[in-house]
Structure formats: structure tokens, C-alpha cells
Amino acid sequence: MGPIDLALERKTESGWGVLAVEGEVDLYTSPQLRDAVNGMIEEGHERIVLDLTSVGFMDSSGLGVLVTALKRIRERDGSLALVCPEGSVHKVLTITGLDKVFPIHRSVAEATAA
Amino acid sequence: MLATTVGRNASFSLCVPATAEHMTTVRAFAGAVARRCGFDEDVIEDVKLAVSEACAGPIDAGVSGDIDLAVTDDGGALRLEVRSAPWTEPEQPSIDGALLDRSALVRTLFGDAERLDDERTTVTRFSTASHTAAGR
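Protein chains in written order, with the numbering used here: chain Y, 5 to 118; chain R, 198 to 333.
A hint or two may mislead.
Pulled a few chain Y residues facing chain R out of the computed Cβ check, cut under 8 Å [as the list claims (entries may be wrong)]:
id	residue
1	74
2	77
3	80
4	92
Keep in mind that the hints were calculated from the coordinates and are not lab data. For every residue, glycine included, the Cβ atom is placed at its ideal position computed from N, Cα and C.
Take these sequences, add in the hints, and give me the full structure.
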């Protein structure tokens with residue numbers, strides 16, 4: 005992992021595939037997020053949580069990855085939830101209207117219990 | 198390349214190749230100038246996001262050459278300008294009415310944002326409110 009790459013950690017909790025993301029998601033790093041999420045979808049995960057707690061920045065490159073992933077998961081009647089506390093990422097989700105598209109939770113435990 | 202004029206109405210400029218790997222540097226530069234000029238963290242985050250969108254647009258569209266970012270401290274307000282070779286915004290994903298258009302996002306953050314196109318360049322300009330007017 006280089007200095008501007010994302011740290012991506014996968015685990016399973018309560019039947020959900022959880023991807024914890026750390027770093028800044030922009031035009032350069034968003035393909036890393038896309039590949040990780042696509043990998044989970046192709047492995048058959050139908051309920052996925054993206055934990056964005058440690059994402060310090062996200063622009064519309066990253067939002068595009070989230071939207072494309074949600075479309076793919078909806079085609080499989082699955083669910084894609086976000087964990088995102090108050091902050092800059094939550095703000096960009098709000099001003100683009102995506103806070104009304106994605107279920108947004110304060111913790112992974114809350115997301116997987118929903 | 199980095200050029201700086203320090204003092205009243207200080208101006209700062211950064212020129213980077215139009216490739217995605219430099220996005221972090223561009224954001225850090227814009228954020229550092231905004232912080233130096235006394236803006237609060239909310240405005241700094243908005244500046245970083247708007248600059249990221251304004252620079253990612255031409256890079257995503259595949260322009261060649263450089264991206265030029267100019268930031269001017271205009272007596273308490275920041276004026277920002279991103280200049281590149283001409284580009285057309287690629288189609289962005291959308292869902293349930295949510296907006297992912299880069300230019301529109303910049304306009305949402307900074308209402309005076311404008312885009313100027315000619316045969317040789319595309320320029321995105323926007324400015325912050327004055328931090329002194331915000332009671333600082």
C-alpha cells in the first residue's frame with residue numbers, strides 16, 4: 005500500500021459482509037474501493053456494509069462507486085448500508101441527496117442489526 | 198511548480214500534471230492556503246471538495262497537459278480558479294434523483310461558481326465568503 009492508497013479490511017458480522025475503508029476516496033483511489041466492493045458482490049455477498057468511519061474525504065468519484073454498487077446489489081435484491089458519522093463525508097452524502105438513498109448508520113453493529 | 202506572493206491579497210498557484218495521482222496534493226495545497234488565511238474547518242473542507250471536483254473533472258475526461266490551480270486571498274475571501282485543456286463532463290452515475298454532477302456540486306458549495314470555455318482552455322472559478330464578514 006502506497007501513501008495515498010486506501011486501507012481496505014473485510015470481515016463478516018451477523019451475516020453481513022463488512023468492508024472497512026480508511027483513507028481519502030477520490031479519482032485516484034476510488035477504483036480500489038470499486039474493485040473491493042465488486043469482489044464482495046461477485047463472491048455472492050448480498051448484504052454489504054461499507055464502514056466509512058475512517059474516510060477523511062470523499063468526492064463524487066467515490067460517490068459514483070457507491071451508487072454503482074447499490075445498483076448492482078439492488079439487482080440481486082440485496083442491501084448496501086453505510087456507516088458514516090457526522091463529518092465531511094456525511095456532508096457530501098447530504099448535499100448530493102444520497103443520504104436519502106442509502107441507509108446510513110452510526111456503527112457497524114447498528115447497521116448489521118437493522 | 199509553486200509560486201507564491203506573500204502579503205495582502207496574497208496569491209498562490211500550483212501546476213500539476215493532469216493525472217489522478219496528484220489529487221491529494223491539490224487538495225492539501227488548497228486546504229493549506231485556506232487555513233493560512235484563517236478560514237474555519239467547515240469552509241476548508243468545502244474548498245478541498247470543490248477543488249477536488251474541479252480538478253477531477255478534466256482528469257476524468259482525459260485531458261492532456263497540466264492543471265493550473267490559482268488561489269488568491271482577496272482581503273478575507275478566497276478566489277479560486279482551476280484551468281485546464283478544454284473538456285466535456287463525462288456522464289456521471291445517478292440514482293433516485295441524487296446528483297453526482299461535478300460542476301453542479303461545486304455550484305452547490307459555492308453559489309458563484311462559473312465555468313468558462315474557449316478553444317484552448319476550460320476554467321472553473323468560484324470564491325468563498327469573506328471570513329472577516331463571518332464574524333472572525
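Right, here's what the structure says about each hint:
{"no.": "1", "hint": "74", "in the structure": "holds, 6 Å"}
{"no.": "2", "hint": "77", "in the structure": "violated, 12 Å"}
{"no.": "3", "hint": "80", "in the structure": "violated, 16 Å"}
{"no.": "4", "hint": "92", "in the structure": "holds, 5 Å"}
In this structure, the hints that do not hold are numbers 2, 3, in rising order.
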